[in-house]
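Asker: The lines below spell out each chain.
There are 2 protein chains.
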Amino acid sequence: MKATQFHIATLREAPADAEVISHRLMMRAGMIKRLGAGIYNYMPLGLRVIRKVEAIVREEMNRAGAVELLMPIVQPAELWQETGRFDKMGPELLRIKDRHGRDFVVQPTSEEVITDIARQDLRSYKQLPKNFYQIQTKFRDERRPRFGLMRGREFIMKDAYSFDRDAAGAQASYQVMAQAYRRIFDRFGLRYRAVAADSGAIGGDLSEEFQVIAATGEDAIVYCPTSDYAANMEKAEALAPEGPRPAPTEPLQRVPTPGKSTCAEVAELLGVPLQRTVKSLVLATDTRNEAGDITATRIWLLLLRGDHDMNEVKVGKLPGMEGGYRFATQAEVEAHFGCRPGYLGPLGLQQPVTVVADREVALMADWICGGNEEDVHLTGVNWGRDLPEPALVADLRNVVAGDRSPDGKGVLAIERGIEVGHVFYLGTKYSRAMNASFLGEDGKPAFFEMGCYGIGITRLPAAAIEQNHDERGIIWPDAIAPFTLVICPIGMDRSEAVRSAAESLHDALAQAGVDVILDDRGERPGAMFADWELIGVPHRVVISERGLKDGRVEYQHRRDTEATGVALSELHAFLAARLGLGVLPVAP
Amino acid sequence: MKATQFHIATLREAPADAEVISHRLMMRAGMIKRLGAGIYNYMPLGLRVIRKVEAIVREEMNRAGAVELLMPIVQPAELWQETGRFDKMGPELLRIKDRHGRDFVVQPTSEEVITDIARQDLRSYKQLPKNFYQIQTKFRDERRPRFGLMRGREFIMKDAYSFDRDAAGAQASYQVMAQAYRRIFDRFGLRYRAVAADSGAIGGDLSEEFQVIAATGEDAIVYCPTSDYAANMEKAEALAPEGPRPAPTEPLQRVPTPGKSTCAEVAELLGVPLQRTVKSLVLATDTRNEAGDITATRIWLLLLRGDHDMNEVKVGKLPGMEGGYRFATQAEVEAHFGCRPGYLGPLGLQQPVTVVADREVALMADWICGGNEEDVHLTGVNWGRDLPEPALVADLRNVVAGDRSPDGKGVLAIERGIEVGHVFYLGTKYSRAMNASFLGEDGKPAFFEMGCYGIGITRLPAAAIEQNHDERGIIWPDAIAPFTLVICPIGMDRSEAVRSAAESLHDALAQAGVDVILDDRGERPGAMFADWELIGVPHRVVISERGLKDGRVEYQHRRDTEATGVALSELHAFLAARLGLGVLPVAP
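Residue numbers (the working numbering), protein chains in the order written: chain A, 1 to 588; chain B, 589 to 1176.
If you are wondering where the hints come from, they were derived from the structure by calculation, not from laboratory data.
Glycine is no exception: its CB is placed at the ideal position from the N, C-alpha and C atoms.
Hints are supplied without guarantee of correctness; some may be wrong.
[Claimed, not checked] Below, simulated DMTMM-like cross-link-like pairs (lysine to aspartate or glutamate); rule was C-alpha separation at most 20 Å, straight line:
id	chain 1	residue 1	chain 2	residue 2
1	A	K88	A	D293
2	B	K685	A	D293
3	B	K685	A	E142
4	B	K714	A	D520
5	A	K97	B	D691
6	A	K260	A	D307
[As the list claims (entries may be wrong)] Chain A is nowhere near these chain B residues, computed Cβ spacing over 10 Å in every case:
id	residue
7	D709
8	R779
9	G936
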């Protein structure tokens, strides 16, 4: 490819609304162009990256036995009404009316349509397992689209759906996909982790996220550097501390803490570590009758160590929380605790409250909490002595770095990641809702056991950039670079020798299947180098008249701090080694 | 590929709403599955065909120097308001409101977005010419979607847009595309014609349709079997008859024709050929003031030979018709002709009427027309003698088979076609509306000269089937077949020899890059053959135990009436020749 026959249009400045580095660099490199909020044109350079991502995904999906098809982008509402998602989903589901006033949606995913296909085409257990996938445009009408391709509204996703005769089959299909995903992410050449994720109402451990490691990632991922353990923050279990609860050593005391309503303020005032304090979170669960009116409300007091954060997913799984929970209102708090928030605690409650202690809190002695009285805290609080043992002890919190790993093989570390893939066991959630069944070996109909498997095709390049960039621009891994190698001739328009060397190297590399671009735009060296460093092409060969006179060209990898002189006679062998090719044709 | 690892799901019956053969066969073969009116799932078999079509198109577009990008499916209304199309286009433009109530459209084409890209990125004449294309999903909310992929609502189109500095450049870009289209359609292996099409208001001859020839085609295409002339019906010129107008031989006569209001009825009553009659069509053009109120109406009388049909596009180009025309109302007809339609003619008009004679009619003598009196016609009518020469003589009609070719090199024939491609010179229509300019060599801004170039990616397979099928099913050309060759083993589950021969042939072909499928489903021969004949795989090899004992397998092309025995020792050479391969690896 020659640059003049392609489309290179870099920008000096990123637009002001580009907040993250990948967004800024993709805009500046001319890989994407904004059309509307969360809606981007994939410009030729960006599309090349996306196509490479797609090709790797497609190859590995095919290798894993998945079969590609393509489902419509505009889908009739009827199927979405069968599962209830047409009504249940919020405004992120883009709803349309056609010319006849009929309801449609723009697909955010395709569980309904694929289940509809399965219930038509998969009649017998003999046709199972089957895994269908598509690489298709999706739309989610995000409330606040941002970060370029990281959280766009229109995006491309690979979504696969497996159909099995039973749960064991579905789990096997899930494992096949999880392995394919590892191969895919290995091939991208990015640092990533597969982390256990919460599988929600389905249960079991069959949900993993594939996270590209990047300091700017939205997600906190938890791992054990000395074992295989990895999970996302929602899922990572906080073990109970080792050993028994220490014996009380302090008396219960009422201390004035005027205006100090947070654990941090109280710890500072009293000159004790934050870890000695216990925070009180008041939640409520409502019971409703068939008409949807609230008939009863239960108030919960969750106790966490002052330096710990509540984990909403874990709390949602407490027995009694199945129907969802909310934070209690100020009126509810005052009615049960006789005090406004900021000074709450588990002692001297006015009304029945279900007390749940985090595993950590349940083993604390001589702790500090609110006194259920304005501007008052209690110190030297001890379970059993000053208040009853907690009704329930559970894992309520996010883990923190240094916590013991749940597998017992070390301590946890935390890093940031960008979710680019997810494998998920669905069970019969959709097949049951849509009455999608097959005839089993026993002659009886059974619902399909399903799994779903996504990769964010257009998010991946953004994640790759968050992980791989420097102050000059993007640094692509070879596998998904828009071009693998750029030839920068200096003075090509003046020197026939430079032109001829550049063109013959270009032709030799192109013939060997290398994705090469020859910059024949006639830009000055500084501007030319800056463009390609911004664009992030990993390998560069500079050809100059002076170099040619010495029988040399210069090679530089995008990560190298300086160029390497390479003799023309050795150039092909050198590049073949650098590009991981077997052999390159004749020397230029 | 093995059939059990793919997805084969043929149907005995096509659904009742499938009216045309391609729709019926694609449904029965399991290539598509209806999701809603004009909205189809592309099932694995169908997607394979579409991907092959895409690959050929992409390769030739790249070869022609076009650069691929991808524009969003959901596009903000603002750009569509700049060109006025947001308001002007009818309900076939699918309009959406997002969660914030902002207007969007689902793209039916992308002139606005690409022009917006050009006005941002193409600043100088030095960057021109440039041709951008995409292969992307489109949506047109057709009033009556039908015929499966032939006239769907959601479909995939390749749309390219060229940008040039002047009209000469645009015409050169147009020619490059027209040539690329010929290469593309040649490669598809279909019989097609590139026909001149009307270029509407832009003028010139720079509009061609690529029509796949099929008896069931919606379009009439006109060509000269002894020359290169080809045009669509709207465009094809009807020459004036040769020689001068014959001298009058009959007197003008008033004949009673009670109840005979059509030319055919009158010709039959009078016992003369239909070609002796002249039909009268009454049109009207309105002049409006700025408020849009009609201030004047002009009435036109168009005269055509009784057996000819009016051509709406040609009539729309008559001087005075620029603003559009309509058929006159009954009241207008009666006011000007003193008679109701059915007995109208150009003699004895009551009010001023612009008479336009078709070229053919202008050279007729002794003709027959209505007498402007109920149940009365005139015979022996002659120009000059009985009425003034016509105010205007023009080509008003559709050509018919046997007409002289406009290039003077033979006579015209007519066949049916399906439009699958269109190349079109746009001029500055969009660039002007969107103020999209570049800096010219003279330092002055100039509007881009544009062209647009479409190929209906998902319509093409349907057109291919309309052209290539028989009573057993589809017959794919090799280039776009879902699989090139199917291996049908008989009794593979019983015979190790059959299994081994089938698998080694499969592996050898796959390794040679042949798109081969091995039917390992264990179907009985009749059902297996019927499936593959329906699906239309062009090459078939049947392997049976009996054949292997004789050292033979059977080969049959989908168009062959019977199978050919091929010795195992010659099989690879035989298949290499049939499939147009250089060489196949070692014998099985």
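Asker: A separate judgement is required for each hint: does it hold in the structure or not?
Answerer: Results of checking the hints against the structure:
no. : hint            : result
1   : A:K88 x A:D293  : 19 Å, holds
2   : B:K685 x A:D293 : 33 Å, violated
3   : B:K685 x A:E142 : 14 Å, holds
4   : B:K714 x A:D520 : 13 Å, holds
5   : A:K97 x B:D691  : 13 Å, holds
6   : A:K260 x A:D307 : 16 Å, holds
7   : D709            : 4 Å, violated
8   : R779            : 28 Å, holds
9   : G936            : 48 Å, holds
Checked against the numbered hints given earlier, the structure breaks hints 2, 7 and satisfies all the rest.
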